[in-house]
Amino acid sequence: MDAIHGLMTGFQVALSLQGILFVLIGVMVGTIIGMIPGLGPITAIAVMIPITYGMSPSLALLLMAGVYYGAAYGGATSSILLNAPGVSEAVATTFDGYPLAQQGKAGKALAVAALSSFVGGTISVIILTFLAPTLAKVAVSFGPPEYFALMLMGLMAVASLGDGSTIKALITATLGFMVATIGIDGQTGTPRFTFGSVHLLEGIDFLVIALGLFALAEVSSLVLKRKEKVANQNPIGSLKLSKKEVKQITPTWARNSILGFLVGVLPGAGGTIASFMAYLTEKRIAKNPEAFGKGELRGVAAPESANNAASTGAFVPLLSLGIPGSGSTAVMLGALMVMGIQPGPLLITDHPDVFWGVIASMYIGNILLLLLNLPLIPYIAKVLKITRPLLISLIIVFCMIGVYGVSFSTFDLILLTVFGVLGFLMRLVNFPAAPFILAFILGDMIEQSFRQAMTISNGSVDIFFTRPVSLTFLILSLLVFLIPFFQMKRKQKKEKSMAA
Amino acid sequence: MLKTANQKIAVFLFLFSIFYLIMTFNLPSYPYVPVDSDVIPMGLGILLMILSAALYFVKEKSEASKEEHEKIPGKEKLMLLGVLGIILLYIFLLEPLGFILSTLLFIFGCSRLLGYKNYILNGVVSIIFPLVVYFAFTKGLQVALPSGILPF
Numbered sequence: 001m002d003a004i005h006g007l008m009t010g011f012q013v014a015l016s017l018q019g020i021l022f023v024l025i026g027v028m029v030g031t032i033i034g035m036i037p038g039l040g041p042i043t044a045i046a047v048m049i050p051i052t053y054g055m056s057p058s059l060a061l062l063l064m065a066g067v068y069y070g071a072a073y074g075g076a077t078s079s080i081l082l083n084a085p086g087v088s089e090a091v092a093t094t095f096d097g098y099p100l101a102q103q104g105k106a107g108k109a110l111a112v113a114a115l116s117s118f119v120g121g122t123i124s125v126i127i128l129t130f131l132a133p134t135l136a137k138v139a140v141s142f143g144p145p146e147y148f149a150l151m152l153m154g155l156m157a158v159a160s161l162g163d164g165s166t167i168k169a170l171i172t173a174t175l176g177f178m179v180a181t182i183g184i185d186g187q188t189g190t191p192r193f194t195f196g197s198v199h200l201l202e203g204i205d206f207l208v209i210a211l212g213l214f215a216l217a218e219v220s221s222l223v224l225k226r227k228e229k230v231a232n233q234n235p236i237g238s239l240k241l242s243k244k245e246v247k248q249i250t251p252t253w254a255r256n257s258i259l260g261f262l263v264g265v266l267p268g269a270g271g272t273i274a275s276f277m278a279y280l281t282e283k284r285i286a287k288n289p290e291a292f293g294k295g296e297l298r299g300v301a302a303p304e305s306a307n308n309a310a311s312t313g314a315f316v317p318l319l320s321l322g323i324p325g326s327g328s329t330a331v332m333l334g335a336l337m338v339m340g341i342q343p344g345p346l347l348i349t350d351h352p353d354v355f356w357g358v359i360a361s362m363y364i365g366n367i368l369l370l371l372l373n374l375p376l377i378p379y380i381a382k383v384l385k386i387t388r389p390l391l392i393s394l395i396i397v398f399c400m401i402g403v404y405g406v407s408f409s410t411f412d413l414i415l416l417t418v419f420g421v422l423g424f425l426m427r428l429v430n431f432p433a434a435p436f437i438l439a440f441i442l443g444d445m446i447e448q449s450f451r452q453a454m455t456i457s458n459g460s461v462d463i464f465f466t467r468p469v470s471l472t473f474l475i476l477s478l479l480v481f482l483i484p485f486f487q488m489k490r491k492q493k494k495e496k497s498m499a500a
Numbered sequence: 001m002l003k004t005a006n007q008k009i010a011v012f013l014f015l016f017s018i019f020y021l022i023m024t025f026n027l028p029s030y031p032y033v034p035v036d037s038d039v040i041p042m043g044l045g046i047l048l049m050i051l052s053a054a055l056y057f058v059k060e061k062s063e064a065s066k067e068e069h070e071k072i073p074g075k076e077k078l079m080l081l082g083v084l085g086i087i088l089l090y091i092f093l094l095e096p097l098g099f100i101l102s103t104l105l106f107i108f109g110c111s112r113l114l115g116y117k118n119y120i121l122n123g124v125v126s127i128i129f130p131l132v133v134y135f136a137f138t139k140g141l142q143v144a145l146p147s148g149i150l151p152f
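Chains Z and L, in that order, are what the protein sequence lines are.
At position 199 of the first sequence (counting the first as 1) the number is 199 in full-length UniProt numbering, and the numbers step up by one without a gap.
At position 126 of the second sequence (counting the first as 1) the number is 126 in full-length UniProt numbering, and the numbers step up by one without a gap.
Careful, some of the hints might be misleading.
No farther apart than 25 angstroms at their CA atoms in a straight line, the calculated lysine-lysine pairs in the PhoX-like style are these [to be verified]:
#, chain 1, residue 1, chain 2, residue 2
1, Z, Lys227, L, Lys75
2, L, Lys71, Z, Lys382
3, Z, Lys294, Z, Lys244
4, L, Lys75, Z, Lys496
Quick caveat, the hints were computed from the structure, so don't treat them as lab data.
With the hints as extra help, turn the sequences into a complete structure.
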């Protein structure tokens, strides 16, 4: 069993004193940032990147992975206590979580959320342990045409499955790709779109985009919300669950962990879609659907187990193919590349400590999160009361350090501010930022694999259609692209039949 | 003609894509590769042109209800511009003044601007945070931050 053996190697990394410490710091920071409404996992990861400078890549990734799934845990707390989801993944948790808090059962809801996150995270990391290496083995045989088609599919999926307008998502993806072409072209050495500036010759650093478009932009939104008073919280109440309640929730956990994992593996989908799907399915199959929305524990358990399972599932394409399927895993990929590691099918053989270390850290991280969250929930919830003005200033400073620490140039800081403004304006007019960062990170790889493939085929595009795997991916990307149109048709039909 | 925000953005993006395409035509060519460095950018420019046209004409169902986005009151706009100004000031002072002093001023000033009135706590955080971060980064993580006019 390769996987078991590999996992043992991973535990050696993750169970070292440093390993546990970094996972612990990661999950704490992630939980706190995830809890603050408006700040999402991408911001959490991006502001942590400067701290990882000079660290070994495996430890750095432990920290970042901790932040990432910690944020998925933390989102639930503000959903339940304040009816203000910290991250979009936690929106579905408010439906039943907040009513429970109003009935004075916040403790119960928080306990269910923590347990569900634990179950979802753990079940899916077990599947990940066996699936990722298998997939990596298949992917080793992929050549440039396959990679090109696969990445195209990933981009299409993010654009058409994300929430909101597909056209807007495609536009931001195109813009992200355009920004990726700035700098010296790797194949011919031609400087592109540098406007004669030396600073732009190497292209724009990914941290500038991640911190600007997400962290700074989210902070600007916080500026507008800085005066929002933290609502008077009802007493949290007991955290204990009865045996009957646990028995009732167990099948919910099992179903939605697997559902969440599968949705997470798919490019483009991810935690938000997984949690809504989980909530709706659970409501549909329940014997008493009318209880949902009024404070049903299963209504908390379903989305919370699904969104954590999905965030783990998203690691499958990242670790085994080197291709992120979401904005947050794209930022994680960018962070790895800053450290000189290129995830992909060869990661498992070239850097087994990184590959297995991350997977092992997820087992530990989930346990740590449960241990941290259950007894400390009432105290952690107090973080929500940190004064916003101070928090805003500190996050801005962190963004500045992050960029300055890689480039040592104030030019990049100005660029960071420009992207911050752009990110804020994009939010105002409902242009999603995740496709932008994904296209920015994939852009270079897509272009290179396209051109390599064309070099192999001597300039004929047939190469993409005559190789079965690449053809399959291309057909799939077309299908994903068409999904929103089918949905629109179906909706129109429904409306017509309703009117008749 | 420009009724909705989307249409204004669409026109802007359309003009931008033309500008971008002109730039791609001016890229120098390199004869020894099947796909030169201007092919992908050209494709992107054309794609953006098509997409901005689509944004102008197509009204998506999900969009119709969302068309009304939040308006930011004038006072808050000034506040955002103020924060932007103070960030730019911070960037310009970072290297001449050094990380510790400029960050100290920034945290205190920015928190105050945003309405934080607890001067003592604000002062304490503005002094301790830059010091801790500075030494953690320069000594612990070996990332050099500008020392500026301070001797360390």
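Tested hints:
For the proposed pair Lys227(Z) and Lys75(L), the alpha carbon gap of about 13 angstroms is at most 25 angstroms, so the pair holds. Proposed proximity of Lys71(L) and Lys382(Z) is contradicted: the alpha carbons are some 31 angstroms apart, above 25 angstroms. Proposed proximity of Lys294(Z) and Lys244(Z) is supported: the alpha carbons are some 19 angstroms apart, at most 25 angstroms. A threshold of 25 angstroms between alpha carbons decides the hint, and for Lys75(L) with Lys496(Z) the separation of about 45 angstroms lies outside it, so the pair is violated.
The structure is inconsistent with the numbered hints 2 and 4, although it conforms to all the rest.
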